[in-house]
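Chemist: Residue-level listing of the chains:
Number of protein chains: 2
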Amino acid sequence: MKNLNRVHLNGLRALEAAGRLGTLQRTADELGVSPGAVSQQIIKAERQLGATIFERTPRGLAPTRSGSALLARLSAGFRELDKAVELASGQTEATLTISVAPVFASKWLVPRLARFRKLHPDIRVRIDASTELIDPDRSDVDLGIRVGTGNWPRVKKEFLLPQEVFPVCAPELALLLKEPADLANVPIVRDANSNLSWDLWLKPFGLSETMLAAGDSFTDAALCLDAAITGQGVMLAWQTLAFDALASGLVVAPFRERFHSGFGYFLITSATQSEPRKISKFRDWLKAEIAASEERLAR
Amino acid sequence: MKNLNRVHLNGLRALEAAGRLGTLQRTADELGVSPGAVSQQIIKAERQLGATIFERTPRGLAPTRSGSALLARLSAGFRELDKAVELASGQTEATLTISVAPVFASKWLVPRLARFRKLHPDIRVRIDASTELIDPDRSDVDLGIRVGTGNWPRVKKEFLLPQEVFPVCAPELALLLKEPADLANVPIVRDANSNLSWDLWLKPFGLSETMLAAGDSFTDAALCLDAAITGQGVMLAWQTLAFDALASGLVVAPFRERFHSGFGYFLITSATQSEPRKISKFRDWLKAEIAASEERLAR
DNA sequence: GTTCTTCATATAGTTTTTCTATATCGTCGT
DNA sequence: ACGACGATATAGAAAAACTATATGAAGAAC
Numbered sequence: 001m002k003n004l005n006r007v008h009l010n011g012l013r014a015l016e017a018a019g020r021l022g023t024l025q026r027t028a029d030e031l032g033v034s035p036g037a038v039s040q041q042i043i044k045a046e047r048q049l050g051a052t053i054f055e056r057t058p059r060g061l062a063p064t065r066s067g068s069a070l071l072a073r074l075s076a077g078f079r080e081l082d083k084a085v086e087l088a089s090g091q092t093e094a095t096l097t098i099s100v101a102p103v104f105a106s107k108w109l110v111p112r113l114a115r116f117r118k119l120h121p122d123i124r125v126r127i128d129a130s131t132e133l134i135d136p137d138r139s140d141v142d143l144g145i146r147v148g149t150g151n152w153p154r155v156k157k158e159f160l161l162p163q164e165v166f167p168v169c170a171p172e173l174a175l176l177l178k179e180p181a182d183l184a185n186v187p188i189v190r191d192a193n194s195n196l197s198w199d200l201w202l203k204p205f206g207l208s209e210t211m212l213a214a215g216d217s218f219t220d221a222a223l224c225l226d227a228a229i230t231g232q233g234v235m236l237a238w239q240t241l242a243f244d245a246l247a248s249g250l251v252v253a254p255f256r257e258r259f260h261s262g263f264g265y266f267l268i269t270s271a272t273q274s275e276p277r278k279i280s281k282f283r284d285w286l287k288a289e290i291a292a293s294e295e296r297l298a299r
Numbered sequence: 300m301k302n303l304n305r306v307h308l309n310g311l312r313a314l315e316a317a318g319r320l321g322t323l324q325r326t327a328d329e330l331g332v333s334p335g336a337v338s339q340q341i342i343k344a345e346r347q348l349g350a351t352i353f354e355r356t357p358r359g360l361a362p363t364r365s366g367s368a369l370l371a372r373l374s375a376g377f378r379e380l381d382k383a384v385e386l387a388s389g390q391t392e393a394t395l396t397i398s399v400a401p402v403f404a405s406k407w408l409v410p411r412l413a414r415f416r417k418l419h420p421d422i423r424v425r426i427d428a429s430t431e432l433i434d435p436d437r438s439d440v441d442l443g444i445r446v447g448t449g450n451w452p453r454v455k456k457e458f459l460l461p462q463e464v465f466p467v468c469a470p471e472l473a474l475l476l477k478e479p480a481d482l483a484n485v486p487i488v489r490d491a492n493s494n495l496s497w498d499l500w501l502k503p504f505g506l507s508e509t510m511l512a513a514g515d516s517f518t519d520a521a522l523c524l525d526a527a528i529t530g531q532g533v534m535l536a537w538q539t540l541a542f543d544a545l546a547s548g549l550v551v552a553p554f555r556e557r558f559h560s561g562f563g564y565f566l567i568t569s570a571t572q573s574e575p576r577k578i579s580k581f582r583d584w585l586k587a588e589i590a591a592s593e594e595r596l597a598r
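If you're matching them up, the sequences are chains A and B in order. The numbering used here puts the first residue of the first sequence at 1, with every later residue one more than the last. The numbering used here puts the first residue of the second sequence at 300, with every later residue one more than the last.
Think of the hints as simulated: they come from the structure by calculation, not from any bench. Note that beta-carbon positions come from the ideal geometry of N, C-alpha and C, so glycine has one too. Some hints here could point you the wrong way.
To be verified - Here are a few chain B residues that face chain A, going by a calculated C-beta distance under 7 Å:
(1) Leu303
(2) Leu348
(3) Glu354
(4) Thr356
(5) Ala361
(6) Leu373
(7) Glu379
(8) Val384
(9) Thr391
(10) Asp498
(11) Leu499
Said to hold, decoys possible - As a list, the in silico DSSO-like pairs of lysine-lysine whose alpha-carbon atoms are at most 30 Å apart:
(12) Lys44(A) <-> Lys456(B)
(13) Lys107(A) <-> Lys83(A)
(14) Lys382(B) <-> Lys580(B)
(15) Lys580(B) <-> Lys83(A)
(16) Lys44(A) <-> Lys107(A)
(17) Lys44(A) <-> Lys406(B)
(18) Lys301(B) <-> Lys44(A)
(19) Lys382(B) <-> Lys83(A)
(20) Lys417(B) <-> Lys301(B)
(21) Lys406(B) <-> Lys580(B)
With these hints in hand, go ahead and build the complete structure from the sequences.
Modeler: Now the structure itself:
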């Protein structure tokens, strides 16, 4: 691209526009400057190119024979750039990029997105499923939903709901569970990567994780849930993970008690950038969905 | 193209180069500025776009997901511009555009151009055949060859040869012409648009145009010559027009006397622009060809 | 033919942008 | 821990671009 170093880009743009529009006045209008400025740009660009691109007629600028070839190519190039800018800025306005953990995305968010889409057809949602904590100031992500203690620097945090844990299992298995101590007699499926402990839920009943039987172990909470659904054991679940499975009866919660895991769901946005409409709309919708979920779960 | 008004072009170029090269240092090298300048350009462009194009990693700049789409388009656009500039300046270096009168072009210049081409294969010649006087500063014409008194403002003029007139006709007709007065007894073909008068040639012999017979008239000197070749009459010709026809024996000059028409051939170039190599090469060749023609004609 | 309008351009001064140079901070590899 | 590399902030300097005005040239209108 070294050829471009010899000619100033604004000059090329002036050439292109003047070739298309024919007079300095119209060119100046399109570029948003005075005609004199355009004249200077064109003259300078012609000098840098070492070629005369326009003949000056009493009615404006007429491309020379060899100038026409240049102008055609310049037009093609600038059209491409224009389209690039249009798409890029149009996209940032209309596309909401959300960073969420894969499990939350697949088990809770994605199944509900269709409703958001219906509510705001002009906003395109792009889900960036990853476990890394992202900085909305240093990526193209508009907002994140993360589980944790809320101890993240340099971002704006908004508490959504406390994570509460409770056992779930297939309905057949639930028949064996009259009281918490019965958990010792059924298989347990575990998420090997989870930082949640059964003690969180057992302690209030005076029980401990050591009494539980061994069982299958998975590297992902979603896989655990699938195992629980097929009756392979009881899992320690939480609201957003289990809600849809509970609602459709694939699993049941044999005990009503839910206990705080110590973590919470937070909405993460930029601490510095002003908030566009698409973000506030999503926040509103998200809170309403959470409230609706919680309400149904509490019944 | 109004989208381009919202983003400064140098910023887009910085984005494109950084996306391709990965670090500020390399980008700065390509653009010929300091890394700090590039950093500012990129940040500014991102703000104008309202989008984050790069994630800053410890190893440089990595395009975001949505940034990649933009960068791909920007690259395409700038490649096009780069090619445009390359071709335009390459062309001006390698293409010599010459403005000449159609008659001179067809009867003298074009038949000799093959030799110039052989001498300088790297220089492409483009002939712009027109009768209008061209200003090399206001068109893409590099040089002109014009007949006149040399009284043209704002251009550099270089005398090539005096225009000298003399009668030519088909060999059969020449048998009837022993002395100038015999011209009264043969048909005369005239160029209706010419500003040359038979008196120019007749006066020195004490003769006058009134004694000449009427004959066919044409709107173009080349057509007159064709008529003379086919024996339709005698025409008042000049060196560059008749040379090739004389050399091949299609016409003859029944009298050796040649008289100055008062006009001359001039090489016209820009008075202000510095002269590129292609022009000086053409001048050298042109003078040599003229000398060779004159020498053969004098024999 | 004269006047008017429509163009482009020259010039000078101002405003704006861009650039450099330096310092700082973060991350990685040794 | 230390050095290397990379991005950014900042302030001052340099360069570029812009405005406003005047000028000249060429058609168009009366």
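Chemist: Could you grab the alpha-carbon distance between Lys44(A) and Lys406(B) and see if it respects the 30 Å cut-off?
Modeler: Roughly 39 Å separates the two Cα atoms, so the pair is violated.
Chemist: Is the hinted pair Lys107(A) and Lys83(A) satisfied, with a Cα-Cα distance of at most 30 Å?
Modeler: Cα-Cα ~37 Å, so violated.
Chemist: Close enough to count: is the Cβ of Leu373(B) nearer than 7 Å to one in chain A?
Modeler: With Cβ-Cβ at 5 Å, under 7 Å, it holds.
Chemist: Has the given pair, Lys44(A) with Lys107(A), been kept, meaning a C-alpha gap of at most 30 Å?
Modeler: violated (61 Å)
Chemist: Does Lys580(B) sit within 30 Å of Lys406(B), going by the straight-line distance between their CA atoms?
Modeler: holds (22 Å)
Chemist: Decide if the proposed pair is consistent with the structure: Lys301(B) and Lys44(A), CA atoms, cutoff 30 Å inclusive.
Modeler: With a Cα-Cα distance of about 23 Å, the restraint between Lys301(B) and Lys44(A) holds, given a limit of 30 Å.
Chemist: Verify the interface restraint on Glu379(B): the C-beta must sit less than 7 Å from at least one C-beta of chain A.
Modeler: holds (3 Å)
Chemist: Given the hint that Lys417(B) pairs with Lys301(B), does the C-alpha gap stay at or below 30 Å?
Modeler: Cα-Cα ~49 Å, so violated.
Chemist: Given the hinted pair Lys44(A) and Lys456(B), is their alpha-carbon gap at most 30 Å?
Modeler: Judged against 30 Å, a Cα distance of about 26 Å means the pair holds.
Chemist: Using Cβ atoms only, decide whether Asp498(B) comes closer than 7 Å to chain A, and label the hint accordingly.
Modeler: violated (39 Å)
Chemist: Taking the closest Cβ pair, is Ala361(B) under 7 Å from chain A?
Modeler: Given a least distance of 10 Å, the restraint on Ala361(B) is violated.
Chemist: Given Thr391(B) as an interface hint, is the shortest Cβ-Cβ distance to chain A below 7 Å?
Modeler: It holds, given that the least Cβ distance between Thr391(B) and chain A is near 4 Å, below 7 Å.
Hint compliance for this structure: hints 4, 5, 10, 11, 13, 15, 16, 17 and 20 are broken, all remaining hints hold.
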